[in-house]
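Could you build the full structure based on these sequences and the hints that come with them?
The primary structure of each chain is shown beneath.
There are 2 protein chains.
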Amino acid sequence: MADAFDPRQRDVRMRGFARRATVADALKWLDGHTHRLNEETVPLAEAVGRVLAADVTSRVDVPSFARSMMDGFAVRAADTMGASPYNRLALAVIGQSMPGRPFDAAVGPGQAVRIMTGAPLPNGADAVLPAEVVEIQRQRILAQDDVSPGKHVGRLGEDIAAGAAVLPAGRVLRPQDVGVLASIGCGRVAVVRRPQVRIVTTGNELLPAGSPAEPNRIVDSNGPMLAALVARDGGRPITPGIVPDDPEAILEALRAECDMVLLSGGSSVGQEDYAPSLVAEHGELPFHGIAMRPGSPMGIGRLRQRLVFLLPGNPVSCLCTYDFFAGPAIRVLGGRSADWPYRRVVAPLRRKIVSTIGRTEYVRVRLAEGWAEPLAIGGASVLSSTTRADGFVLVPPDSEGSPPGAEVEVFLYD
Amino acid sequence: MADAFDPRQRDVRMRGFARRATVADALKWLDGHTHRLNEETVPLAEAVGRVLAADVTSRVDVPSFARSMMDGFAVRAADTMGASPYNRLALAVIGQSMPGRPFDAAVGPGQAVRIMTGAPLPNGADAVLPAEVVEIQRQRILAQDDVSPGKHVGRLGEDIAAGAAVLPAGRVLRPQDVGVLASIGCGRVAVVRRPQVRIVTTGNELLPAGSPAEPNRIVDSNGPMLAALVARDGGRPITPGIVPDDPEAILEALRAECDMVLLSGGSSVGQEDYAPSLVAEHGELPFHGIAMRPGSPMGIGRLRQRLVFLLPGNPVSCLCTYDFFAGPAIRVLGGRSADWPYRRVVAPLRRKIVSTIGRTEYVRVRLAEGWAEPLAIGGASVLSSTTRADGFVLVPPDSEGSPPGAEVEVFLYD
Numbered sequence: 001m002a003d004a005f006d007p008r009q010r011d012v013r014m015r016g017f018a019r020r021a022t023v024a025d026a027l028k029w030l031d032g033h034t035h036r037l038n039e040e041t042v043p044l045a046e047a048v049g050r051v052l053a054a055d056v057t058s059r060v061d062v063p064s065f066a067r068s069m070m071d072g073f074a075v076r077a078a079d080t081m082g083a084s085p086y087n088r089l090a091l092a093v094i095g096q097s098m099p100g101r102p103f104d105a106a107v108g109p110g111q112a113v114r115i116m117t118g119a120p121l122p123n124g125a126d127a128v129l130p131a132e133v134v135e136i137q138r139q140r141i142l143a144q145d146d147v148s149p150g151k152h153v154g155r156l157g158e159d160i161a162a163g164a165a166v167l168p169a170g171r172v173l174r175p176q177d178v179g180v181l182a183s184i185g186c187g188r189v190a191v192v193r194r195p196q197v198r199i200v201t202t203g204n205e206l207l208p209a210g211s212p213a214e215p216n217r218i219v220d221s222n223g224p225m226l227a228a229l230v231a232r233d234g235g236r237p238i239t240p241g242i243v244p245d246d247p248e249a250i251l252e253a254l255r256a257e258c259d260m261v262l263l264s265g266g267s268s269v270g271q272e273d274y275a276p277s278l279v280a281e282h283g284e285l286p287f288h289g290i291a292m293r294p295g296s297p298m299g300i301g302r303l304r305q306r307l308v309f310l311l312p313g314n315p316v317s318c319l320c321t322y323d324f325f326a327g328p329a330i331r332v333l334g335g336r337s338a339d340w341p342y343r344r345v346v347a348p349l350r351r352k353i354v355s356t357i358g359r360t361e362y363v364r365v366r367l368a369e370g371w372a373e374p375l376a377i378g379g380a381s382v383l384s385s386t387t388r389a390d391g392f393v394l395v396p397p398d399s400e401g402s403p404p405g406a407e408v409e410v411f412l413y414d
Numbered sequence: 001m002a003d004a005f006d007p008r009q010r011d012v013r014m015r016g017f018a019r020r021a022t023v024a025d026a027l028k029w030l031d032g033h034t035h036r037l038n039e040e041t042v043p044l045a046e047a048v049g050r051v052l053a054a055d056v057t058s059r060v061d062v063p064s065f066a067r068s069m070m071d072g073f074a075v076r077a078a079d080t081m082g083a084s085p086y087n088r089l090a091l092a093v094i095g096q097s098m099p100g101r102p103f104d105a106a107v108g109p110g111q112a113v114r115i116m117t118g119a120p121l122p123n124g125a126d127a128v129l130p131a132e133v134v135e136i137q138r139q140r141i142l143a144q145d146d147v148s149p150g151k152h153v154g155r156l157g158e159d160i161a162a163g164a165a166v167l168p169a170g171r172v173l174r175p176q177d178v179g180v181l182a183s184i185g186c187g188r189v190a191v192v193r194r195p196q197v198r199i200v201t202t203g204n205e206l207l208p209a210g211s212p213a214e215p216n217r218i219v220d221s222n223g224p225m226l227a228a229l230v231a232r233d234g235g236r237p238i239t240p241g242i243v244p245d246d247p248e249a250i251l252e253a254l255r256a257e258c259d260m261v262l263l264s265g266g267s268s269v270g271q272e273d274y275a276p277s278l279v280a281e282h283g284e285l286p287f288h289g290i291a292m293r294p295g296s297p298m299g300i301g302r303l304r305q306r307l308v309f310l311l312p313g314n315p316v317s318c319l320c321t322y323d324f325f326a327g328p329a330i331r332v333l334g335g336r337s338a339d340w341p342y343r344r345v346v347a348p349l350r351r352k353i354v355s356t357i358g359r360t361e362y363v364r365v366r367l368a369e370g371w372a373e374p375l376a377i378g379g380a381s382v383l384s385s386t387t388r389a390d391g392f393v394l395v396p397p398d399s400e401g402s403p404p405g406a407e408v409e410v411f412l413y414d
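Chains W and D supply the protein sequences, listed in that same order.
Oh and the first sequence: position 49 is 49 in the working numbering, straight run, nothing missing.
Oh and the second sequence: position 287 is 287 in the working numbering, straight run, nothing missing.
The hints are simulated quantities; they were obtained by calculation from the structure and are not laboratory data.
Where a beta carbon is used, it is the ideal one built from N, C-alpha and C, also for glycine.
It is possible that some hints are incorrect.
Just a few of them, taken from the derived set where beta-carbon distance is under 10 Å, the chain D residues facing chain W [stated by the list, open to error]:
(1) A45
(2) A164
(3) D177
Just so you have them, the derived chain W footprint on chain D, three or more residues with Cβ under 8 Å [to be verified]:
(4) 75 to 88
(5) 212 to 221
(6) 353 to 360
Here it is as C-alpha cells:
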C-alpha cells in the first residue's frame, strides 16, 4: 500500500448513528432557538417582498386636499338648487383648477371654476357640477342639474386619514402596499434584515457549479440549489465556493461571518465527515441523525450563537432536509411564516406508499390525470427525481403508508 | 380670467366614451398580439425563476463513473460468495478510493480496496462490502457476508443518462432544476428574455415616489406599485420618472426603447388626457374604454409594434387594469402562463355583491372567520382598500351579483 493507510483507522465511527431523533423533536428545539433578526431601513424601491419591521401609521392625510372626482365645474352647491334642463341657472366662470395647478382665489356666489379630475377644489366651492349637465357659453355656464354639497368631491383624507394605521408589522410587502407607503410620503421603510446564510459545500470530488463535467468528478449541484432556496425564503446566500474535506478549512468556514450556516456534504459518520465533530466540539450538536428518509444523516447545532445545519451531500437529502429544517429557520429569522412555502392539493394515490413506523418519509410524486403517482426512482442521489416530480407527499412517523386510492396531500414544487 | 381659457375648448371630448368594449374582447385581441420574446443566455447562478427557452438534454452521464453508496470495501462479488459470520473469507486490502481521489489500479481476485461513500469504484471491483459486515485486520479484511454484483454501487448515469431529456422548454426554473443543470455541466442557460417594461407616470400634480407629502400635490403611488407588479410577473421595469402632462413629452416617452409601455394617468377623455389620441395617431388604439369597474377609462393599443397600456391614474383602477391586461401580456412575452398569479380559495359571501349587467366587476374582499366580506370602501382612488383587503372577487358581465351566503372564488393578493 502506498501511503500510511491503516484499515482500522476510525473504524468506530463507521458504525452509524447511536440514536435518531424525530423530526418533531428537532423542529421543537429549532423553534426555541430561532428568533427574528433586527431591522434595517431600505429605499421604497427595494421594499417589495420585504417584511415590515413595525406598524406603519400615516402622519398625513391622503389626499392632502379636497379634489374633484370629475371633469366639470367647481361650484357652491346652493347656487345649483332647482337647476334642470327647463330651469337653467347661469354661473360666471372665473378661472380653472388643474391637477398641480390649483385656482388660487375663492369661488363666490354665482361663480364657477372649471376643474379637471384630480384638481384641488377651490376655496368657497363645495361641489363639482359634471361637464355633462352644463351648457357652456363664452364666460359662463348654464347649470342643467343640481348638486348637493360634497358631490363629486374626493374629501381630504378619503384614502388615508392622518394618524391611521396603514400596514401592520410582519406584512410581506405587496405591490399595492409599496404604493400606499409612497402615497403617505415614505422614502425609506423599516424592514426585517435578511438573514445572511453561508453555504458551505464540501467534498474533494466536487467541481464548482458551472464547470463542465470531468471524469471521476461530480459537479456541485447542492451549492446552486441551496442558494436558490435561501433566496426564495428571503435570505441572502453567501457562496464562498467549495471547501476541501479538511478539518481546518471546514472549521474556518463554520466560523466565518453570517447569521446561519448550511454545510452540505460530510454530515454523516464516515471517515471524512469532519463537520459533526467540529460543531460538537466548538459549539453544540444536539441533533445528529434524524428519523427520516431521505435525509437521515443530517445534523443541527449551533456554533458562535448561530444555527448550523449539516445537510447530506446526496442532493435529494439535501433538498429535503433544507425544506424540513433550514428553510423554516431562515423564514423565521427574516420575520416570515415557518410554514411550508408550497401550494397544496389533495389527490388520490395511484399506487401504494409503504413507510416504516418511526420514520418520516418524503415521497416524490407526479400528478397525472388527477392522480398522485409515487415515483419509483432511486434513492437520495437522484436529483433528477425532483425535477421529474410535481411535488411530494409526507408520511408521518406513526403511519405505515397509504393504500392505492387514498387521498393524500401533495405539496407542489412550483 | 387670467389666461387664454375658453370654456368651450375641447368640450366634445368631455362627453365620455362612445362605446365600451368587453374585457373578453380586449383579452382576445391581446392574445393575438402578444408573442414570446426571443432568448438570451444567463449564468447558472442567475437562472432560478427564469423561463427555459428550449428543451435541455444531457450530453453526459451523471454520475460519470460508478461510485460507492456506502463506506466499506470495493470487491469482486464472486469473492464473497458463501461468506458468513461462520465462514469468514479473507481479502487482501490493496489501497483506498476516496471521493475525488480514486484508486488507480485494478482489484484482482482475493483483493479489496477500502472505499468511501461517493468514491469511484475501482476497475475490477463490481460491488461494495459495507464496513458493518467486515472484520478489519492489519492488511486484510474478513468478509462476514456476501454481496451480489452491483450491490451498493451507484451506476454510471444512474441520475441522468447521456442523451436523456432533462428539463422541458417553458419550465420556470426551480431550485432543484438549477441543481440538475449544474450537475450536467451547464455553465450558462438559454432562457426567455425578460420583457423590458417602460413605466410612464404622468400628472402635473404628482411628486416622485419617495418624496415627503406636500400641499396640493399627490405622491406617485402607481409608479412604484407598477414596478413591483412588473417584477413579480418576470418583467424588468424601466422607471424614468414622472412625465409632465405635455403631448411632446408623453410621445417621447411612448416611443422610447422597450418591449412594452405602461402609461399611468391621463388615460380617459378629459382635456389633459393626451395619451389616447397620441397612441391612436402614431400607432393604433383599438380599445379605449372597457366595460369594467373599476378601470373603465383605460386603453390598449400599439405603437412602434409594441403594446401600450393606458392605465387610469386612480390607483385601484391602475392595479385592476394592470392585473386584467398588462400582467398577462408581460407573462406571455416572458414565456410564462397568462393565468392570474393569485392563489384562489372558495368562501361564502358575508354580504351581497350587486353588479351591473354588461360590466365586469372587481370587488375587494376581506376574509374573516371563513367568510368573504366585500369591503364597503370608496372608489377607485382609495388604494388603501387594496391593502386592507385580502383579495378580490370577479363578477362576470352576465351576472347581477351574488346574494349573502353564495360561494365565491376569492383571488388572494398574497
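Now for the hints, and whether the structure bears them out:
| no. | hint | result |
| --- | --- | --- |
| 1 | A45 | holds, 6 Å |
| 2 | A164 | holds, 8 Å |
| 3 | D177 | holds, 5 Å |
| 4 | 75 to 88 | violated (count 0) |
| 5 | 212 to 221 | holds (count 10) |
| 6 | 353 to 360 | violated (count 0) |
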